[in-house]
Structure formats: structure tokens, C-alpha cells
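Chemist: Spelled out from the first residue to the last, the chains are:
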Amino acid sequence: MRRHPTRFNCDDVLIGEERVEKITLDQLKDLYPLNQHPIQVAEELLPTVRTRWYSSGRSLFNVGDSPDDYFYVLEGSVVLSDRDQQRGQTVGPVSQEEAIPMPYMVPSVHLAWAATDARILLIDRRQFLDVIQKAKSRRLSALAQSSAGGSADLWAADAAVSHPAPGTVPAPAINPGVRGPATAPAPISEEFERNLALGRAQIPEPPQTPMPAPDEPEQKPASEPPAADAPLHSEPGTAHMERILLVEDHPTDAKMAQLMLKTLGYGSDWVSGGPQALSAMERKRYQIVLLDVQLPGVDGFEITRCIRERWPGAAGPHIIALTARSLKGDREACLAAGMDDYIPKPISIHLLSAKLNDENWALVDPKVIEHFAMAVGKTGVTALIDSYLDAMPSMIADLHKAVAANNAKDLHLAAHSLKAAAQVLGVHLIAGYAAKLETLGRFAKLDGAPALLSQIDSVRQETVIELQKLRTLYG
Amino acid sequence: MAEPARELDPDALKKLAEIIGHDGAIEIVQTFRADIQNRLTEFKTGLQQGDLKLVERAAHTLKSGSAYVGGHSFAGLCQTLETAASESRTEILLEKQHEFEQRLLRISAELLALESGANS
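In the order they appear, the protein sequences are chains P and G. Sequence positions in the first sequence follow the numbering used here and run 1 to 475. Sequence positions in the second sequence follow the numbering used here and run 1 to 120.
The reader is advised that the hints may include incorrect statements.
In the BS3-like style, the derived pairs of lysine-lysine whose C-alpha atoms are separated by at most 30 Å in a straight line are [claimed, not checked]:
(1) G/K14 to P/K401
(2) P/K409 to P/K378
(3) P/K367 to P/K284
(4) P/K409 to G/K14
(5) P/K367 to P/K378
(6) G/K96 to G/K44
(7) P/K469 to P/K378
(8) G/K53 to P/K445
(9) G/K44 to P/K445
(10) G/K14 to G/K53
(11) G/K15 to P/K409
(12) P/K262 to P/K445
(13) G/K14 to P/K262
(14) P/K284 to P/K262
(15) G/K15 to P/K262
(16) P/K469 to P/K409
(17) G/K15 to P/K401
Some chain P residues flagged as far from chain G (calculated, every beta-carbon gap over 10 Å) [stated by the list, open to error]:
(18) G273
(19) Y342
(20) A408
Just so you know, the hints here were simulated from the structure itself, not pulled from any lab data. Glycine included, C-beta positions come from ideal geometry on N, C-alpha and C.
The task is simple: from the sequences and hints, build the whole structure.
Modeler: Next comes the structure, spelled out in C-alpha cells:
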């Protein structure tokens, strides 16, 4: 049952442990250190957080994980537009007309959120990280339980842990990475409502379900020789529990991908072809399959079809295509074949990280451009895209010059320009890298700059392709 | 006679290490170097037997591998060969074969030097 919008009074808002009656922008600014940029903070908090800033000419602020979750901070009030509502039906004093979507920097301010339906809790960074970790643990526990149970529905398992027990605060939704029918949200008790309003709501503890070790080896005697189609190499994970199968026939590419995954804390098994992948999946449940498209014999498209047939719906893994071609139309071909996402080669470690954390992460966010089109029209949008595409090479060249000359001031300026231009069009990944470079420039710490710059280089072509595709929609 | 230009970015190992650590970078260099001979054989065999799929695959593999170790110019040559093979442009493949083999040998030698330097 869809609930009505909840009017959000400032009395309902918590900051940390403290209930506040009125939130001002200054109070928000005090929450975080001055040298932290919202994008940087958001990335550190959770790579799945999508960030957007809107301005009506006054002070608006927004952070959410979904394009439809908006916080508006306007003249001391907080307004929530929840994901169940039609866009434009904001709650509170800000009308959609007033909230002309314009990218807007709110320096040094960041709000984390934990909202389900029309409920909201503002929490500090540490709490937010805690919520994310616990939600992830619960989700993985549920996955492990459903695997053990055989016939359990993964979506149902996820849904069950997504709704809070009475007296607890709903955790933010984590991308489930599984398919299945959406379920109606469970009702939240009056006691929870009361506790939330009184500032007594608690973050739920994860259930004490034993977790399987990551990439735990199958129970085989040590002396038994490996099966002919056993993974060629397994890397244990350190921080993440996801089970990842890498299907890649090129040894160097496979090694590179496994080392990147290892750097990011993910364990993985590597097989070199489609039949081996299917065999591995029969033996072990994988949540994510990184699949090279151009495999000899049976290609990635065919393997995807086999996987989707063999493990339909919720039983199937999240499949991310790896391809060196990066051609227009490749992404569509991958999605049409049943893959969920796409990573161009050579792989960018930051893009890989972003994709593993949020399968909906986009190099370019179409919603931002859509909002912009509402304000400036199609012609304005195409002009803006053209302008960005024209300027991007020279802006990146300026970054290269600044890094080569070890000139922190120039790096700061060049990165700031690129960041601002990228943000306007929702080019999140490049904007994020540029923001980090800007910070490095500001503090004259250029050690990490070359690596960040190479990441920008590695995604720029794909970004251009994405923007050109979007431009055709408005041109 | 002038020395042939270096194939690999001298900072390649450092750049790789920034992403996957020093040991990881060495592993990549070793893995790529160990695979070169197989791909060269694949390329030659494919060309001799008219199996251009094999040629395309070898060029494709060497393209991404060489890009990781800083052989960007050579990766460009591989792209040319990959495209030529996919379009059955055998004359381009034959024209570029000698250059391809010579440069691949230089890459192999430079990788060996990188490994030795890193281990010493």
C-alpha cells in the first residue's frame, strides 16, 4: 500500500544523537571538517551514494542514493521528496517550480541519509558507515541463508532484512544485486514512529547468523587434484564478502582484474572460458560475474544467455561485461544479451569499484541532464553538452600540464574548472576525480595526482560516448 | 646508428604500482612477458594458415596487455592489426608483420629489464 507523503517537520530530524528543532545551513556546515568536499565525503562514505546539488537561487542541498530521493535545505527547513512519490511532489515549503535544478556546490557540508519510504534520519558519517556495514552484513547473511535453504527467494530474503523491527531505524537500501519481483514495504510500527520523533530510534544490530568465509574452498581433500575445469587462480578477499567469478581468457587481463579486485578487498575465482564458468557456477554460487565479451569459442553474449536460462531471475548472478571495444552500441548489445552492466577495458580501478558497489552507477547521469533540460530546454542542453565536449580535452590537458610541472596552484584551478563543468552535466566519475585533484592541489600534495589523472584518462572516452548518446536524445 | 626508441613508458611500473601495489605490478609484467611467445606463435600460425580469427585474437590480447605495461604506441599497432584481421585485410597484416615482431621482441627485452631492475 502506498502511503501518503509525510510532512517533514524539523522536529523529526536528528543530527547524530541530537534532536534539533531547526536546521540551518550553518549547522549543517558544522557537521563536517572544512576541508572536505561533499563529493569526496560521499565517495568515502559509500560509493553507491549518488550526489546532486540543486539550487533555487537560495540554499538547496541534496544527497541521496536514488534520483528520486531529495533533501532540500531551504531557509532553515528540511524537505523530503520520497521515492514513492511522483517527481515534483515535494513535501514542505519548496515547490518544484522554485527548485529549478541547478548544480550547486555546498562546500563543506554533507548529510548522510537513511530513509525508507517517507522516513528520514540524518546521521553523522560514522553512524552512516555503521549502518551501511550492518545492512551489508544482513544482506549477505540472508543470501547465505537462502543459499543453504536451496529454495528460498533471495528477493524475499533481502526484503525481510530491509524493514526495521519496531523501535529500530530503517537502514538505507543497498543494491540487492539480485532480480525478483518488488514487494510491498512492510508497515512500520507506531512505536517506531514515536521513537523516531523522540530521537530514540536505534540502528538495528545485524542478526547473529554465521557467515561463510569468503571464497571458502570446497570441501575436498588436500591431495585431490583440481578438476580440469577448476578455477585457474583464486584470490582471497580481505574486506568484502562478495563472491566474484572472473571469466577472462587473457592471462594479463585476468591477472590485472584479480589484482584490482584484491586491492579493493574482493576475493575472486578466475576461469578462462564459458564452459569453465558454467562448471564453476554449478559448484559454487557467485553473486557477481565479470565476463569478458570476446572469448574464443562461446562468446560472452552466449554465455550470458546460458546463465540466464540455467539460473533465471533471482537465482542468477549480476553480470558485468568486460570489453576492450568501447564502441557505440556495445553497451546496448551487452544489456540486450542479459548482462547487467558494462566496463570498458583497460579497466579503471575506480570504475570497477563503483560498478561493484552500485550497478546503477553511471558515468553520466541522464537524470541530471533531464532536469537541466526542464530548465533550459533542448537547445540549451545540446549547447551545454557541445560546450563541455569541446572544452573537456583542454581542461584535461591543463591538468596534465599542472601535474607534469608539479604546480599545485594550477592543478587546483584546472581541477576546479573540470569539476564544475562535469557536475553541471552529471558526469559524476570525472567530477569526483577532479574534486580529489582539486583537494590535492589546494593542499599542495601532488603524490596521488598522477594516478587520479590516469583514471580520468581511462574513462574520458567512454564519457564522451555517453554524452554523445544523450545529446542525440535532445538534438 | 641511432638506438630504437623505447617501447615502454619508463614509469610504467611505478604507475602500475600506484594502482595495484609493487608486487602486483611485477606480477603483471611477468604474466604479460610469459604470454608474449604464445601470442606471437598464435599470430604467425594464424597468418600462415589464413586463420584471421586467431590473428585478431592475438593482436587483441597483446593490445590490452601492452597498454597495462605502458606500451601505448605498440598497443596502437596491435589495434591496427586487430582491425585489419577483422576486415580480412591480409596485405596490411603482411606489411606490418616484421615491425610487429621486432617491436614485440623489444618489449619482451624491456619487460625483462624492468623485472630485473625491480628485483635488484
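Chemist: If any of the earlier hints don't hold here, list their numbers in rising order.
Modeler: 2, 3, 8, 9, 10, 16
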